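For reference, the chains in residue letters:
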Amino acid sequence: MDDLYREVIIEHYKNPSYRGKLDPHDISFADNNPLCGDHIQIDLRVGTDGLVTDARFDGHGCAISQASADLLMESIIGKPLEEVKKLNKDSILEMLGIDLGPVRLKCALLSLKVLKAGVYGLGEASDSLVE
Amino acid sequence: MDDLYREVIIEHYKNPSYRGKLDPHDISFADNNPLCGDHIQIDLRVGTDGLVTDARFDGHGCAISQASADLLMESIIGKPLEEVKKLNKDSILEMLGIDLGPVRLKCALLSLKVLKAGVYGLGEASDSLVE
Amino acid sequence: MTLNVSQIRKDFPILEREIRAGVGLTYLDSTATSQKPLVVIEAMNDYYRRSNANIHRGVHALAEEATTMYEGAREKIAKFINAASARQVIYTRNTTESINLVAYSWARANLKQGDLVILTEMEHHSNLVPWHMLQAERGIELDFIPVTEDGVLDLGMYKTLLDRRPKLVSFTHMSNVLGTINPAAEIIRLAHEAGAITLVDAAQSVPHLTVDVQALDADFLAFSAHKMCGPTGIGALYGKTALLESMPPFLGGGDMIKEVKLRSFRPNTLPHKFEAGTPAIAEAIGFGAAVDYLSKIGMDAIAAHEHEITEYALERLEEIPGVKLFGPPADKKGGVAAFTLEGVHPHDVAQILDQDGIAVRAGHHCAQPLHEKFGIPATSRASFYLYSTKEEVDLLVNGIYKVKEMFG
Amino acid sequence: MTLNVSQIRKDFPILEREIRAGVGLTYLDSTATSQKPLVVIEAMNDYYRRSNANIHRGVHALAEEATTMYEGAREKIAKFINAASARQVIYTRNTTESINLVAYSWARANLKQGDLVILTEMEHHSNLVPWHMLQAERGIELDFIPVTEDGVLDLGMYKTLLDRRPKLVSFTHMSNVLGTINPAAEIIRLAHEAGAITLVDAAQSVPHLTVDVQALDADFLAFSAHKMCGPTGIGALYGKTALLESMPPFLGGGDMIKEVKLRSFRPNTLPHKFEAGTPAIAEAIGFGAAVDYLSKIGMDAIAAHEHEITEYALERLEEIPGVKLFGPPADKKGGVAAFTLEGVHPHDVAQILDQDGIAVRAGHHCAQPLHEKFGIPATSRASFYLYSTKEEVDLLVNGIYKVKEMFG
Ligand SMILES: Cc1ncc(COP(=O)(O)O)c(C=O)c1O
Ligand SMILES: Cc1ncc(COP(=O)(O)O)c(C=O)c1O
Chain V
1 MDDLYREVII EHYKNPSYRG KLDPHDISFA DNNPLCGDHI QIDLRVGTDG LVTDARFDGH
61 GCAISQASAD LLMESIIGKP LEEVKKLNKD SILEMLGIDL GPVRLKCALL SLKVLKAGVY
121 GLGEASDSLV E
Chain L
1001 MDDLYREVII EHYKNPSYRG KLDPHDISFA DNNPLCGDHI QIDLRVGTDG LVTDARFDGH
1061 GCAISQASAD LLMESIIGKP LEEVKKLNKD SILEMLGIDL GPVRLKCALL SLKVLKAGVY
1121 GLGEASDSLV E
Chain R
2001 MTLNVSQIRK DFPILEREIR AGVGLTYLDS TATSQKPLVV IEAMNDYYRR SNANIHRGVH
2061 ALAEEATTMY EGAREKIAKF INAASARQVI YTRNTTESIN LVAYSWARAN LKQGDLVILT
2121 EMEHHSNLVP WHMLQAERGI ELDFIPVTED GVLDLGMYKT LLDRRPKLVS FTHMSNVLGT
2181 INPAAEIIRL AHEAGAITLV DAAQSVPHLT VDVQALDADF LAFSAHKMCG PTGIGALYGK
2241 TALLESMPPF LGGGDMIKEV KLRSFRPNTL PHKFEAGTPA IAEAIGFGAA VDYLSKIGMD
2301 AIAAHEHEIT EYALERLEEI PGVKLFGPPA DKKGGVAAFT LEGVHPHDVA QILDQDGIAV
2361 RAGHHCAQPL HEKFGIPATS RASFYLYSTK EEVDLLVNGI YKVKEMFG
Chain P
3001 MTLNVSQIRK DFPILEREIR AGVGLTYLDS TATSQKPLVV IEAMNDYYRR SNANIHRGVH
3061 ALAEEATTMY EGAREKIAKF INAASARQVI YTRNTTESIN LVAYSWARAN LKQGDLVILT
3121 EMEHHSNLVP WHMLQAERGI ELDFIPVTED GVLDLGMYKT LLDRRPKLVS FTHMSNVLGT
3181 INPAAEIIRL AHEAGAITLV DAAQSVPHLT VDVQALDADF LAFSAHKMCG PTGIGALYGK
3241 TALLESMPPF LGGGDMIKEV KLRSFRPNTL PHKFEAGTPA IAEAIGFGAA VDYLSKIGMD
3301 AIAAHEHEIT EYALERLEEI PGVKLFGPPA DKKGGVAAFT LEGVHPHDVA QILDQDGIAV
3361 RAGHHCAQPL HEKFGIPATS RASFYLYSTK EEVDLLVNGI YKVKEMFG
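Protein chains in written order, with the numbering used here: chain V, 1 to 131; chain L, 1001 to 1131; chain R, 2001 to 2408; chain P, 3001 to 3408.
Please note that a few of the clues may not be correct.
Unchecked claim - Not everything, but these chain R residues come out facing chain P in the computed CB check (under 8 Å):
1. Ala2053
2. Gly2058
3. Asn2094
4. Ser2126
5. His2132
6. Arg2263
7. Gln2351
8. Val2360
9. Cys2366
Rather than coming from a laboratory, the hints here were simulated on the basis of the structure.
Quantities reported herein were computed from a predicted structural model and do not represent experimental measurements.
Cβ atoms here follow ideal geometry from the backbone N, Cα and C, with glycine treated the same way.
With the rest of the complex left out, here is chain V:
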């Protein structure tokens, strides 16, 4: 049926591999999607060499937001933080393999916004982080 709901998205939504929390963690950040109230928390462990050694997301949201969080966690484990900082809108759309209108885009990008705000040590996850 709808491209938006490719098998892979429904699969990651129903059976996420990286849902949960990390305790202890080196970085933790949480924020909401103001449009729908969806909430995501991301915990990271980072090695002394600056590589992400483990990552988890928690919270609630739609299939798009949950699947993209799961895919995002998968993609950053083993990567240097410097590379995580470079991720943007296009990285997420590529992982999802779909096109999104402006409202659903916010769902897809929530986890990346939260991730980057955490990595940069910001007080707030703003849209400008992911453009």
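Add chains L, R and P with the ligands to chain V, keeping to what the hints say.
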């Protein structure tokens, strides 16, 4: 040419009979037309029997506002205050003998508003006085 | 007094639109914003093509025309809610600005630290955040009439709250999530007995019910044109004359003044005192046309039609396994059906329905605290208006079955 | 780079209108509000007929479309004034609300008793009254850059005022009465050197000149769509990002929040933090279309055309015995000619011109203190835009001779 500028209006504008101030007076009130900044002051003398014995207007404004002030003064001298209170939009339009759109109407009614606010002893000349 | 809905639908050009090739529009999102009939679109069109000018201060023909149309619309709107005078109707951008006007002007002049404002747990953010801001700034106190499990206000608790002598009771006439129609006249009567002023958020009631501000005895009442067949960019605040006259101005600028000196000004009389700068002229004219349109059809007939559709929708939705409905039964509510579907996020419900051109809204509908109360982050919401049909309800129900299949 | 004015006039349906039988329209009141080209009217029309929905929170096709159009317009407007990011453009109702937003949010958070705000003697009421209100509430001080006899700002006096370390310098880029184009970049540079923030009232400059907020280094800049071929009901406030981010919200309600609890809220990020409730969606789209229209013609070409018309108008008006013009010569001003006619009140001038379909404005043009400075209560004002012609100037001049005859 234009009905709005009937002879009588131009005449009362150019040669008003009741322009000036009264000192002493029993009632005096002044206000502005917020739309154009025109200003009118009205002074009245009232006899013990409640009849207006003399009336003057002062200030500046367009032909319509000045002519209607002059005509208004003329019409109230000798009248009881109670009757003055009953004057309204229609009384003025009748004196002028013309029809007016909403903006010029404010010019025509400024003197009546000021007169009635003074007669009622109000703090402000509001539109509701002349409808 | 039944509506000729197929005729009415022809008044709304958008209802003929294809959302995508071969897929028509099933618009079930009128609570967010209504669609616009051609007469409203054309009224603004005509204004721009024939009469456009700035108002009040101009003496040329266009300015006179525009002023007459702008003020004529105010008369219509006043009559629509049975205000005693058009001067009691202030044009604003929307319900939200109307409420903020009261919060900035009336409340900042009248409320001091410790003064109590009563709201309800079912308020839209627009009737919460202005009071949060005032609480932070002024130290006023807020308390809330609770919402019961079945989605109505707990009036017993309200009476108890009134013992604390609130200064203001501000509440929604109709919930945009639960659909609950609150007993506004009673709430206002009790508030007045306790010495409080009242503000009615009528964003959902004025579009859907006959609202009579004098019968309600409302002190302030706020609504938006865009939810009642009118344009975006304009709303209204109704207020009692003595209150409005006693209030300081809100925004400062052109038109709201009687006289300006370099270092001071005198405010204008009502309603202009609260309308600073060039107003939404075309929008006011569109608002007037919307009110004409609704009046001609008749608000009671519209309410009856919506009631019929809502009753049918609740019945059909209830049958679907996994669907949970929120709010009271049809006889206590307007045309709103908010629900959750087990195991599927409301965003996904809305997105999949959209594939079939069915427009419902998903999220917290600007009522996060209410959703929190019910322990859910979001709902899907279908809502109805004079152009809604039972066939559209059937399409919705079929769509929900499709969603279940995909996520099954 | 001369305009094809007869072609341009065809874009504006109203210019074909008859004011009364056999009398065409000579519209010389664009400073009050401009006329609208068909593309702008049609953009809003199309929106209501095809895409109307509430924005941001909807996931259905119409909501996505409306959101894209609304935010797309913001991008266009940002580009038009060369803002670094669309996030720096806040939609408001008009210039007046933009200035009030700064007065309520930035100024109330940053100014305390005794702090100095510098304005000018040629300000529109919209850039006076908000500061009068703050003065009454907060005890800030106001001072004014004087206007010289020939209608320009006295920059020497400005420099002296700056020694008093103002917190804010708020001034008009172009006077709506004198037409004076103020040296905004220099005023801002000097203000910054003195440690002050700047607010530019660009209501008359953005419609008529190329305005580059980055080249000006403006901190805040306010303008209205209706004066630049766009609809009523919408305007904009540009601000520097750091300033806007540091400011508390202004109006509270839907859309401007990130999260709402029963007793508290967190504000949203820019630009949404300042846009509460359902915004003027159709109007934003019309605003975007207006900016497209002006960009296509080219602001420099428009300014050059207006200059030519203004030069001609001043020359012709000056010849008329009894006419007194206000403001600097044509090379220092935009397309405005304010004048008095000896022995005739400006209202009467305007009214008699109207008989021939000539629309000029008469009054204080929301600049009472400036008129007081010149010792007159009112002026008549003719103003020009991209569709104005020399033939219209000739009609105006003939009309004034008629007025003289009537009152002669
Ligand atoms: C210089 C100036 N500032 C401010 C304004 C106010 O604009 P608006 O009425 O659109 O808020 C105007 C126009 O009337 C103006 O000419
Ligand atoms: C109950 C209620 N109050 C207030 C509002 C706010 O209306 P607006 O966004 O038009 O200001 C809405 C609509 O969104 C509503 O449903």
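A quick look at each hint next to the structure:
1. The interface hint given for R/Ala2053 holds, since its Cβ lies 6 Å from the closest Cβ of chain P, which is under the 8 Å cut-off.
2. Annotation: interface hint on R/Gly2058 holds; nearest CB of chain P at approximately 6 Å, less than 8 Å.
3. Evaluation of the R/Asn2094 hint against chain P yields a held restraint, the C-beta minimum of about 4 Å falling below 8 Å.
4. Because the closest C-beta pair between R/Ser2126 and chain P is about 4 Å apart, less than 8 Å, the hint holds.
5. Satisfaction of the interface hint for R/His2132 is found here, the shortest Cβ-Cβ separation to chain P being roughly 5 Å, below the 8 Å cut-off.
6. Hint status for R/Arg2263 relative to chain P: holds, with the closest Cβ pair at about 6 Å, below 8 Å.
7. Restraint check, R/Gln2351 versus chain P: the minimum CB separation of about 5 Å is within 8 Å; hint holds.
8. With a cut of 8 Å, the hint placing R/Val2360 at the interface with chain P holds, because the nearest CB-to-CB distance is about 7 Å.
9. Residue-level restraint check for R/Cys2366 holds (minimum Cβ-Cβ distance to chain P is 4 Å; threshold 8 Å).
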